[in-house]
Amino acid sequence: MTRSALLQRIALYAFLLTAAAIFGLPLYVMVATSLKSMPELRETGIFALPRALDPSAWRMAWTGACTGLTCGGISPGFWNSVKIVVPSVGLTVLAGALNGYAMTFWKPPLSGLLLGLMVLGAFLPHQIFLYPLVQWLSAIGIYQTLPAIIVIHCIFGIPLMTLLFRGYYSGLPRQLFLAAQIDGAGFWRIFLCIMLPLAAPVTVVAVILQSTAIWNDFLLGLVFAGRENLPMTVQLNNIVNTVTGERDYTVDMAATVLTALVPLAIFLLSGRWFVRGITAGAVKG
Amino acid sequence: MTASVTLSGLRIEYGHHVAIDGLDLSIREGEFVVLLGPSGCGKSTLLNAIAGLEPVAGGRIEIGGADMTRALPKDRGIGMVFQSYALYPHMSVERNLSFALASAGRPKREIAQRVADVAGMLQLTPYLKRKPAALSGGQRQRVAIGRALVREAAVFLFDEPLSNLDAKLRNDLRVEIKKLHQRIASTMIYVTHDQVEAMTLGDRIAVMKGGEIQQFDTPEEIYHRPANRFVAEFMGAPMMNFLEGRIEGRSFLWQGQRLDLSGYGFRTAPQDGPAVLGLRPEHVHTTGPADGGTALAAQITLVEPMGPETVLWAETGGETLRIRAAGDIHAEPGQAAALAFDMPRAALFDAATGERL
Ligand SMILES: Nc1ncnc2c1ncn2[C@@H]1O[C@H](COP(=O)(O)OP(=O)(O)OP(=O)(O)O)[C@@H](O)[C@H]1O
Ligand SMILES: [Mg+2]
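So the protein lines, in turn, are chains U and Y. Here our numbering is used: the first sequence runs in plain steps of one and ends on residue 285. Here our numbering is used: the second sequence runs in plain steps of one and ends on residue 642.
The shape of chain Y in the complex, shown without the other chains (with noise of 0.2 Å):
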């Protein structure tokens, strides 16, 4: 099962703080949407919402077409997993899994029917009689996912599943998550602040900031061509350069040096003035330009060895800049590199606004 969701000029206020303020999204059918953003950013208050389980001040919500605005929870085919796990600390895993068919007054035999096929797609079977304190971090999870699917919603409402959990659970967890998705392709929405979250899992992404989205696309598209410096600047681990400089022409001038704009995609035709240069780690060699471009006379100041990656971080003209590097890369701070930048797939952003240009 699965279904579209649109939101229409969403309004949610807690008294009289609003933290949402017409919000427009729209989630295709079998859509697995990430909504990322930072704390406090609202990402819990529209899940919420779309749930029923917040008021909503102003808008619409659609699930499948139809409007579910004054919905109550149980009606909207949905499902949801919460940060807590939330489990009914006194059911067993089996009572939690089949909890809400029994709200529902389904009859046993359905009931006993679906907890067995989802215990078994989760690996839950040998704790069907164990009370949820009984059960490891990443089991209690399995059983929130499970309580969410035995309910065959066609939307699953996902509140940071996995941040209650160590690393290597929470890659495996992702992994079955993805699996998941793939499988039952129901709609998904799911709330994370981990960008590895967001960019593994998303079909696309929403990055909200303070009630609003700021970009709504593809990990790639947000990757690559982030909407503003603020998507920039929260997507990206070393984070994303920043330079700030002159437009003139077709160059970006900064410390002296006149950076080469003709591969760069403008929106729009550039005019001169101030503008900031974001480039990526991995968009700074230390090679020195193959094709003869401009080198820039660089110190390594700091080395940090990732394994598979070396992070460097480099001086140059009393900026520090971090740079993705090859892992078996030999380089000591102190040392001196020449540093190229990978123009055409830089980001410009306006100086004033931080809109991309």
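In isolation and in its complexed conformation, chain U is listed as follows (with noise of 0.2 Å):
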């Protein structure tokens, strides 16, 4: 290795440590201060090692930290954000490739209109669209309901999903499509058959991109879905800014680490199928 390329790796590796230090500390004190007592977290400062691993901090946030009047932890709030997620997922996603399909293979008239508005959609930012939208459920009568909040995260989470899967499906050979209708499949054979199957990479993407923003959303929750389903984020949002009696940061972290855990967990389990779905190309053969 020649001196100035030992230098390059030298600086390559100042570099990714230093970024791997910023990103990882804030979780260290996190991780670390959860698992201290208060008491010991007032000697020791936030950056030492706990002592011993002691879970009571998570069990109070998981079942007896106060959110607001009722003192039940997060674990409300976490049961409440996957009843949200699952359904807003899986409904945004088989839109967005219906829709992404439909544009793509079918050019229903107008589909250029309809591409723009989709790019609206997908790009305006959704404050502009809260004040209709709450007057528009009240008039129907679902607002705060869990359908309401489900609605609104399909409302603006298909426009970016179909404008995802067009892009994918754009890449696919025509012939492809040609060659099914020969064979006799229709509309829909030819999307359950053909057409999702081969989406399976871009689906990945999509559902880690739909979850992991549904999961982190705040302001929807807080307006649309009302207090028996506000989402978890919501709950951490109380849990923090309660304060009866003395602050307990200990709590605060752990509840804070299991908000964040689920979008961790699907970036660790799908970190790879992420990056093969969005860097994977159009289907050869």
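Check the hints yourself; a few may be wrong.
[To be verified] Each computed SDA-like pair below joins lysine to any residue, with the alpha-carbon atoms no more than 25 Å apart:
no.: 1; chain 1: Y; residue 1: K416; chain 2: U; residue 2: P173
no.: 2; chain 1: Y; residue 1: K359; chain 2: U; residue 2: F177
no.: 3; chain 1: Y; residue 1: K416; chain 2: U; residue 2: A200
no.: 4; chain 1: Y; residue 1: K416; chain 2: U; residue 2: P201
no.: 5; chain 1: Y; residue 1: K414; chain 2: U; residue 2: L117
In short, the hints are calculated from the structure, not lab data.
Relying on the hints, combine the two individually framed chains into one complex.
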């Protein structure tokens, strides 16, 4: 290795280590703090390793911490989020796949206009629509219910999902679609037997993007979900902001880590698929 | 199974662009018809229209005597093979072959039987469980052909099926397709821009240009009696020689030479005036006139040995002629040659319209 190559290597590693520290340190502080008790935290500071692994803060965060008036921990929020995320992701991804397929291959009239609207829908800030949507949902009587928040996530998610799938499908050879027509497959059979299975890589990407985005949502959940269905992020905020007596940082940290756990797990488990899905080009053969 | 195909007044538009305007074509039962033409002339467009994959702006498509102008692709009794194979990449060969029958809701036993038959016919049986990605190009194309075959179509449409294959495989599969046609006797419409495929496979060839059929005839007629200069230029390699001169009486005047036209079969009585004489390279002889006819002094400028034949380039009077000579000829650039034209087999074209005289 020459001198300059060695220097480059050193610089590269210095950069990577710094970057890792910037992202890793807060995570370490959170996890370490959540495993301490308050007296220990005061004594040792935030950077020290915990003396013993004390899970009491985690238990408290999960089942006992006060979120506003009730003190049931963050677990109800977790289940609320699951109830919101699973149907929302399923519906948006499926609808996006179907829209993308129809727009790419069947080219309905006005599909150009439709595409323009989709782009607008995908990239306009959501806050603009907040007030009209509140009005509309109230009018049809489902404002602040579970269906309401699911509908809202669908409205905001479908345009982006459609664009994602459309981009993927336009990379597929059109002759596949023609061959399927010759083989006597109709709109649904071509979608279900050919186009949807072929879109598996982009579907993985779509599910990851959507589940992370919807899990992390705060604003829409706060406005539309209603008291009974507040998602985990909102509950976390309530825990952190509800101060009765002494503020217990260990519980706050444990609750935060718990909330971040789902998107974190999704990325760790599917990171490889994600990269593969994003880079997957047209299918050959 | 077999069926005739009749197109009348066919018109196909892409937005404001008219790809095909008023095309007529009548294909007999069991015939092998090749659509030949340069890139962009509308071959695929025409084939897709017959398949029902492209909406028709006007005219009529009949298959087996029934009006199919607006019928769905699956109801037309056609099978189609695409240039890029278009196999379903996520399905095994077996599922690729059975997809059409499953779509039609045929019973499982019948499907299995048909797939086994076709796989046997195309020597695909060992590969039935494989995905297309694990096949060679030739095997993939055989699967694509098999997918059309299982449907027991009356009309097969091929869109440049061999153009993605290397030369050797192309020859092998060409022969296979010809044998297949002899065996199943279905009507076949085959798009290509390869003249060898066109000449060897076609009962008749439709030469196309700019969405119009220039000539629709047997390979022999197309090659030996091209209907216009475009067809003459397009067919044959090395290309036909074109000499610009004049007709005077029963002779063609070129470079001060008077070439005898008495053996030429004119379509209508010839009129004196400018014309173009077309001579295939094999109709220019370097051995001098056998029967004491006109000899042309020329100089050989280039020698291309091809094995069974040698292509010579010879210059005379400022024109370069392509000559097809025997493979064992001994010729050197710079050598002098005495040329003779086989005038009865030449083609004469109108200088202005390019139509055959
Ligand atoms: N989807 C389309 N939209 C607009 N124009 C098209 C479309 N498809 C084909 N064309 C035009 O129609 C004409 C005929 O195209 P076609 O694909 O039939 O040519 P081809 O003879 O099959 O050529 P090739 O040998 O390159 O396959 C071309 O001028 C092409 O530009
Ligand atoms: Mg084509």
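Evaluated hints:
1. Y:K416 to U:P173: holds, 17 Å
2. Y:K359 to U:F177: holds, 13 Å
3. Y:K416 to U:A200: Given that 25 Å is the threshold and the Cα spacing comes to 16 Å, the pair holds.
4. Y:K416 to U:P201: At roughly 18 Å apart (the allowed maximum being 25 Å), U:P201 and Y:K416 satisfy the hint.
5. Y:K414 to U:L117: violated, 44 Å
Hint compliance for this structure: hint 5 alone is broken.
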